[in-house]
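Q: One-letter residues, chain by chain:
Number of protein chains: 2
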Amino acid sequence: MKIINTNDANFKSEFENILSRAKTDIKHVSAIVTDIIDEIVDEGNKAVKAHIEKFDKWEVQSDEDLMISQEDMKKAYENINDDLKKALHIAYDRIKSYHEKQLPKSWIDFEKNGTVLGQKVTPVDKAGLYIPGGKAAYPSSLLMNAIPAIVAGVEEIVVCTPTPNNEINELVLAACHICNVSKAFKVGGASAIAAMAYGTETIPKVDVITGPGNIFVATAKKLVFGEVNIDMIAGPSEIGILSDETAKPKYLAIDLLSQAEHDEMASSIMITTSSDVASKTSDEVEAYLKTLSREEIARKSIEERGAIIVASSMDEAIELMNEIAPEHLEVMTTNAFELLPKIKHAGAIFLGENTPEPIGDYIAGPNHTLPTGSTAKFYSPLNVENFMKKSSIINFSKQAIDELGEACAILADTEGLTAHAESVRVRLREGK
Amino acid sequence: MKIINTNDANFKSEFENILSRAKTDIKHVSAIVTDIIDEIVDEGNKAVKAHIEKFDKWEVQSDEDLMISQEDMKKAYENINDDLKKALHIAYDRIKSYHEKQLPKSWIDFEKNGTVLGQKVTPVDKAGLYIPGGKAAYPSSLLMNAIPAIVAGVEEIVVCTPTPNNEINELVLAACHICNVSKAFKVGGASAIAAMAYGTETIPKVDVITGPGNIFVATAKKLVFGEVNIDMIAGPSEIGILSDETAKPKYLAIDLLSQAEHDEMASSIMITTSSDVASKTSDEVEAYLKTLSREEIARKSIEERGAIIVASSMDEAIELMNEIAPEHLEVMTTNAFELLPKIKHAGAIFLGENTPEPIGDYIAGPNHTLPTGSTAKFYSPLNVENFMKKSSIINFSKQAIDELGEACAILADTEGLTAHAESVRVRLREGK
Chain A
41 MKIINTNDAN
51 FKSEFENILS
61 RAKTDIKHVS
71 AIVTDIIDEI
81 VDEGNKAVKA
91 HIEKFDKWEV
101 QSDEDLMISQ
111 EDMKKAYENI
121 NDDLKKALHI
131 AYDRIKSYHE
141 KQLPKSWIDF
151 EKNGTVLGQK
161 VTPVDKAGLY
171 IPGGKAAYPS
181 SLLMNAIPAI
191 VAGVEEIVVC
201 TPTPNNEINE
211 LVLAACHICN
221 VSKAFKVGGA
231 SAIAAMAYGT
241 ETIPKVDVIT
251 GPGNIFVATA
261 KKLVFGEVNI
271 DMIAGPSEIG
281 ILSDETAKPK
291 YLAIDLLSQA
301 EHDEMASSIM
311 ITTSSDVASK
321 TSDEVEAYLK
331 TLSREEIARK
341 SIEERGAIIV
351 ASSMDEAIEL
361 MNEIAPEHLE
371 VMTTNAFELL
381 PKIKHAGAIF
391 LGENTPEPIG
401 DYIAGPNHTL
411 PTGSTAKFYS
421 PLNVENFMKK
431 SSIINFSKQA
441 IDELGEACAI
451 LADTEGLTAH
461 AESVRVRLRE
471 GK
Chain B
41 MKIINTNDAN
51 FKSEFENILS
61 RAKTDIKHVS
71 AIVTDIIDEI
81 VDEGNKAVKA
91 HIEKFDKWEV
101 QSDEDLMISQ
111 EDMKKAYENI
121 NDDLKKALHI
131 AYDRIKSYHE
141 KQLPKSWIDF
151 EKNGTVLGQK
161 VTPVDKAGLY
171 IPGGKAAYPS
181 SLLMNAIPAI
191 VAGVEEIVVC
201 TPTPNNEINE
211 LVLAACHICN
221 VSKAFKVGGA
231 SAIAAMAYGT
241 ETIPKVDVIT
251 GPGNIFVATA
261 KKLVFGEVNI
271 DMIAGPSEIG
281 ILSDETAKPK
291 YLAIDLLSQA
301 EHDEMASSIM
311 ITTSSDVASK
321 TSDEVEAYLK
331 TLSREEIARK
341 SIEERGAIIV
351 ASSMDEAIEL
361 MNEIAPEHLE
371 VMTTNAFELL
381 PKIKHAGAIF
391 LGENTPEPIG
401 DYIAGPNHTL
411 PTGSTAKFYS
421 PLNVENFMKK
431 SSIINFSKQA
441 IDELGEACAI
451 LADTEGLTAH
461 AESVRVRLRE
471 GK
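Residue numbers (the numbering used here), protein chains in the order written: chain A, 41 to 472; chain B, 41 to 472.
The set of hints was computed from the structure by calculation and includes no laboratory data.
Wrong hints could be hidden among the right ones.
[Stated by the list, open to error] What follows is a list of derived Cβ distance ranges for each label pair:
no., chain 1, residue 1, chain 2, residue 2, range
1, A, N57, B, E470, 26 to 36 Å
2, B, K114, A, K67, 37 to 47 Å
3, A, E151, B, K86, 47 to 57 Å
4, A, W98, B, E151, 40 to 50 Å
Backbone N, C-alpha and C define an ideal beta-carbon position, used for all residues, glycine too.
Please model the entire structure based on the sequences and the hints provided.
A: In structure tokens, the structure reads:
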């Protein structure tokens, strides 16, 4: 694995490559996806069916064919083995418990002059979850997207997932049953996003669309933003690790590989203060690579997009890591907690040697849908507030408008808005 | 003003028109804006200058010409009269006080097995505020966009505002001084959004862009979403009013007009349970229209996009209003507070006869940047969290991974991710 030093002459350009790791030109994808969306808007189910025949290679006979029945979800759940069932329930309970702690409360506040100000928090009516299908169909994706919506109090949760050759991933179905999904449809890709954003004869128009997907799904989410809300636009998975001389190279190596095995485009970056840990970790990565079922993918990712950076101090390491703003950040140092105040940008922060990143993918509780490609500088992990929205509450008493109305009218005058000013002044004149 | 009844034969189609009030085809705008963004990305300041010469009709001599100096802001502030200065400070203090109540706290939570889970809340590093220029330059826009960023703790606040003929709106400048804006630039439209999203030699790349604007600005915000975060995509202003027989027609009329005067495309919709109030309000609107400085705009808006709906019950009225999901909602009924539980979708809710909507535009405290065109179904008012983001915190103890690790590894096995499973199991085998 490539080891670079912050003192190297070419460090700046190497680091620039890491910072621009997520740059992709979506223009050609945009054009294709725009056409797909237009077809769904214009033709509804007819276009949905045509897209399924084209991309998923099965023939849809009727509108009902698009739907996955509650019975199938239940059957899939009953068919899974007990260990897996137990693991899914542990995950469900822990994810739910964490997200319940995020639930915002409506509030009101009072002023002496009788003014009441507040904020009402309400769930959206309908949420649409996109869950990838085929080989990359992950039941954990369903749990991580559905549970925040459930905790938010969303009444109708809709799932779209592609079923290549009309084969449904049984584990995703089982997870749908556990999460009590309202409606699920065998539709994938940009068509699914368009169908949930605009609605068809069968697929409901939702208010918020979340969930992972390939570049077509991500582009479709961006294009329907405004018609519905979306969580974020996600790219390939990433891990950043901060380590010092106390970290175990074997742990560091397998944790770097746990991102690399996802995707050839995944990025695994460690910044360490120890050159000894750097070289030992590189050796361990090589040793581990041969043992992985997805060796080829992981190797390509590590070779082309992985790096170990040796920094001259932990402060320098943290500063660089804040610029990278990784999706996942492991802190494997002494006193990991004490570094938290300086860590500004990361999707999820894993502290200490017993907290490998996959713990957060499945079972810890916090969401595994996290901002990638430095977007942790401004996006949050998927959370209950993605499925809720706020309304301001304002109530002025007669005393309040008498005290503050003229200042308000002056500002309206200044902006040349005479109806605004008069709406206040008529109350000052005539109110009681 | 048009009065319709929910029992009318054509009610459904009339109501459909209201629901689709914000539909616009942005495809031709999209193409223009995409070109503008590409030019800024490729050429930086050179393109910024060319766009200013083209759209704002003045010649930029140097990069420094793009900047507005702190001195100019201070001078503008000193030049405004005392009443206006006082009104601006009242507004500033009240807006700040309200937004401070929104500030989320980082939290951590502990489990008996030693697990620590939490959520760290951090401000973004840089915020970019877009403030329209020329005649529609509103100092209140600056306050409403800057103060949530200030309260969030954003270190660098950047403002872009167009200056047609190189003339700066003095009140916006004064508001910049009050808000202690870090840097301000004389750049407008899609160019400003692109410059703040990608950065130029002079204009910093920011993390979040907020602020109102025309269709070009709104489209540019949508197109740069993902490169930066944005607040929302806003359309023309709107008011919805719920009223019963106790409401004063004169108040209702001027409040409807206070939105209509903004824009010919603005929508002013009242739903009332009283046909008497409906017809009297319509008369008052006509009487008031002639007195307004912006009569022509207000009249066109009221005639083409305004409506009074007579409903058979307050429950029906509220249900319809939830479908409309207006930007501003006034509730002018007896016991307005008691209707709050049923009101699901509105940007801001104004309760009672002493709370005209303009109070919320300037001085009440809550933000006046609100979701339009039914997007209150999923967007929130601009708030401090638009300028902050969260990171999950996870720390597992040895006991915690020993208890939960195998369930995690089973889920990883199921998804075929062997490095994920091994990153947990190596700790179960070798950890201490």
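Q: Against each hint, give a clear statement of whether it holds in the structure.
A: For each hint, the structure was consulted:
Judged by the Cβ atoms, the range 26 to 36 Å given for N57 of chain A and E470 of chain B holds: they are separated by roughly 34 Å. Taken as a hint, the range 37 to 47 Å holds for the pair K114 of chain B and K67 of chain A, whose Cβ atoms sit roughly 44 Å apart. The given range of 47 to 57 Å is respected by E151 of chain A and K86 of chain B, whose C-beta atoms sit roughly 52 Å from each other. Between W98 of chain A and E151 of chain B the C-beta distance comes to about 46 Å, which sits within the given range of 40 to 50 Å.
Checked against the numbered hints above, the structure breaks none of them.
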